[in-house]
Amino acid sequence: MSGVTALSRTARHRLTGRRLALIGGLTIALIVAILVSLGVGQFPIAPHEVWNLILAKFGVDVPPAAPGAEAALWTVRLPRLLLGVLVGAALAGSGLLLQAIFGNPLADAGVIGISSGAALGAALAIVTGIATFGNWTVPALAFVGGLISVIAVYLVSRSGGKTEIVTLILTGIAINAICAAGLGFLTFLGNTSSREQIVFWQLGSLNGALWKQVTTVFPIVLLGLIAAYVIAPKLDLFALGEKSARHLGVNVEALRITVIMLVAVLVSVAVAFTGIIGFVGLVMPHLMRMIIGPAHRPLLLASVLGGALLVVLADLFARTAIPNADLPIGMVTSLVGGPFFFWLLIRTRKSQGGWA
Amino acid sequence: MTAATQHHPHANLVAEGVSLSFSGKPVLRDVSLAVVPGELHALIGPNGAGKSTLLAMLSGDRTPESGTVALAGKSLREWRFKDLARERAVLTQDNTVSFPFTAAQIVEMGRAPWQRTPAENEDDQAIAEAVAQTDVQHLLERTIPHLSGGERARVALARVLAQRAPILLLDEPTAALDLRHQEDVLRIARDRARAGDAVVVVLHDLNLAAAYADRITLLARGEISASGAPSDVLTAERVHEVYGQEVEIIERPGRPPLIVPLR
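So the protein sequences, as listed, match chains Y and W.
The letter at position 335 of the first sequence is residue 335 when you use the working numbering, and the numbering goes up by one with no holes.
The letter at position 110 of the second sequence is residue 466 when you use the working numbering, and the numbering goes up by one with no holes.
For reference, chain Y alone in the conformation it holds in the complex:
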């Protein structure tokens, strides 16, 4: 009975075979992408110099690098890369959580309007110049905006414990429209500099990332993702439907609230400093699910690594594709995500006649 041994109780969560290969491969790819990305740009730094500069930081005695290389690496590129890694991880993690709680592969913070809710909150902080929570004001208002959106989507689009896909998408359209109106009004109210900032939000960019932002985002994303990892097995049970999950001992209401809060935290912290970077949360969980299946623990690890990798690569492209220009990264991820969405649509239509 070999089938039965494969069924042992931890099989669903264990990192074996394909899962281990995928997660290992993504980790290596992410490290390589980071090292390459650190050297490439307007001020090229040779790979061995990148390596030496890193070693030097750890107190290793190495030959001195070219003048300016250290500054380019430590004050410009590294914070930007790390912020990209954190944002990519947060967006992919939030996408997976949303898909799990809606039982629906189309749920994504951008598609259903959570990102724009958070952006609206952040814009409000910028334009009005509120600084109630100091450095944390922008992320805090982004969190409130994101939270209101996600709760609105959840309340409106669910009925009888289920979410119709059409209702979900239409709810997203409504929320995106309302937030666009709000953003438009704030753009109208704001002065030139705040207008620029609002525009930059909607396009998404990692340009000008600061260490201060990295250290603000890091603990929030880390804690959010650890919490997601802890509840992941319950999300598996949630796939059976709310009732069956409850019959298996899941406190469905508590789980729902936890996931909604986590999504709001992860999305708003990502959006607060980099703006709307679309499709990462949609593409990555979907792609990873196709490779290693839907069990949420391994899927979370793979999606988070994949999201970080996607954002790092997209940012590399954004800042090197056109010499001396820094493209908005949100545009780049949408360039990847849009066609992916199309492909998803066509594939689903072929296999099951489309989404009902």
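Rather than coming from a laboratory, the hints here were simulated on the basis of the structure.
Keep in mind that a hint or two might mislead.
Claimed, not checked - Beta-carbon label-pair distances, calculated as ranges: (1) 287/Y / 594/W: 56 to 62 Å; (2) 287/Y / 491/W: 32 to 38 Å; (3) 156/Y / 372/W: 37 to 43 Å; (4) 178/Y / 493/W: 49 to 55 Å; (5) 436/W / 40/Y: 51 to 57 Å; (6) 25/Y / 394/W: 51 to 57 Å; (7) 129/Y / 436/W: 47 to 53 Å; (8) 230/Y / 436/W: 15 to 21 Å; (9) 17/Y / 380/W: 55 to 61 Å; (10) 129/Y / 377/W: 54 to 60 Å; (11) 28/Y / 497/W: 27 to 33 Å; (12) 531/W / 28/Y: 48 to 54 Å; (13) 257/Y / 547/W: 38 to 44 Å; (14) 177/Y / 404/W: 39 to 45 Å.
For every residue, glycine included, the Cβ atom is placed at its ideal position computed from N, Cα and C.
Use these hints to put chain W onto chain Y, whose structure you have.
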């Protein structure tokens, strides 16, 4: 007898005078019912009689407007979800799954309530037994979207059996199944009852109910029309009265009677 039943050999699930209405229309009126260990209890009745609603109350999904549902003397509302999951397993009519989990992963989910308890050691055995009973061994590596309705129903049943709770509540478990698997499901249910579990099954097929149930409760328009041994409940007059369909009851010595509609 499973280890689960040994924990609480006297866990009694009792509904007392429960009533419920949907938007003003009464669905259940003053229904009382005891779920007894060792008994296979069939709930039957015409469409809309309130069978599934009653089962939802017994499982804790619905709260009665008046009356109480209590397990081991404690109202279901006071039970923690996790503790309840170790006492009763529920098979719902809806066995769709949101993501393409394999059948093996679905069956394994039935063990979730026992995580980090001594009973975790029984996981492999419980799963293997449930898989064998429901005849799903050959489906284990396949994903749920690739199974037929009947196969999905059996995988869902395997998950519920793997849970090894001493109370089993099954809502129309035979609905999507072919002849043999229908009989299989009721044989399994009866075996579980013989082993000391309490089993409640919502059924449409009167012959299945007559053949397997220890007790039948016949619901009509939200009220209990009759409850007792199959031969006492299933009389030609009562079935005609409740279902509005004339039937003939063919008695067969040493075998369960046949209930045949007059055509």
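Results for each hint:
Here the CB-CB span from residue 287/Y to residue 594/W is close to 59 Å, well matched to the stated 56 to 62 Å. Checked against the hint of 32 to 38 Å, the pair residue 287/Y and residue 491/W passes, with Cβ atoms roughly 35 Å apart. For the hinted restraint 37 to 43 Å between residue 156/Y and residue 372/W, the CB-CB distance of approximately 38 Å keeps it satisfied. Range check, residue 178/Y to residue 493/W: Cβ separation about 53 Å, and the 49 to 55 Å hint holds.
Remark: the range hint 51 to 57 Å for residue 436/W to residue 40/Y is upheld by a beta-carbon distance near 55 Å. For the pair residue 25/Y and residue 394/W, the supplied restraint of 51 to 57 Å holds, since their beta-carbon distance comes to about 55 Å. Restraint check, residue 129/Y to residue 436/W: a C-beta distance of roughly 48 Å satisfies the suggested window 47 to 53 Å. A hinted range of 15 to 21 Å for the beta carbons of residue 230/Y and residue 436/W is consistent with their spacing of about 19 Å.
A hinted range of 55 to 61 Å holds for the C-beta pair residue 17/Y and residue 380/W, which are about 57 Å apart. The hint said 54 to 60 Å for the Cβ distance between residue 129/Y and residue 377/W, and at roughly 55 Å that hint holds. Between residue 28/Y and residue 497/W the beta carbon distance is about 29 Å. The supplied range of 27 to 33 Å therefore holds. Taking 48 to 54 Å as the suggested C-beta distance range, the pair residue 531/W and residue 28/Y conforms, at roughly 50 Å.
For residue 257/Y and residue 547/W, the hinted distance range of 38 to 44 Å is satisfied, since their beta carbons lie about 41 Å from each other. Checked against the hint of 39 to 45 Å, the C-beta distance between residue 177/Y and residue 404/W comes to roughly 42 Å, which is consistent with it.
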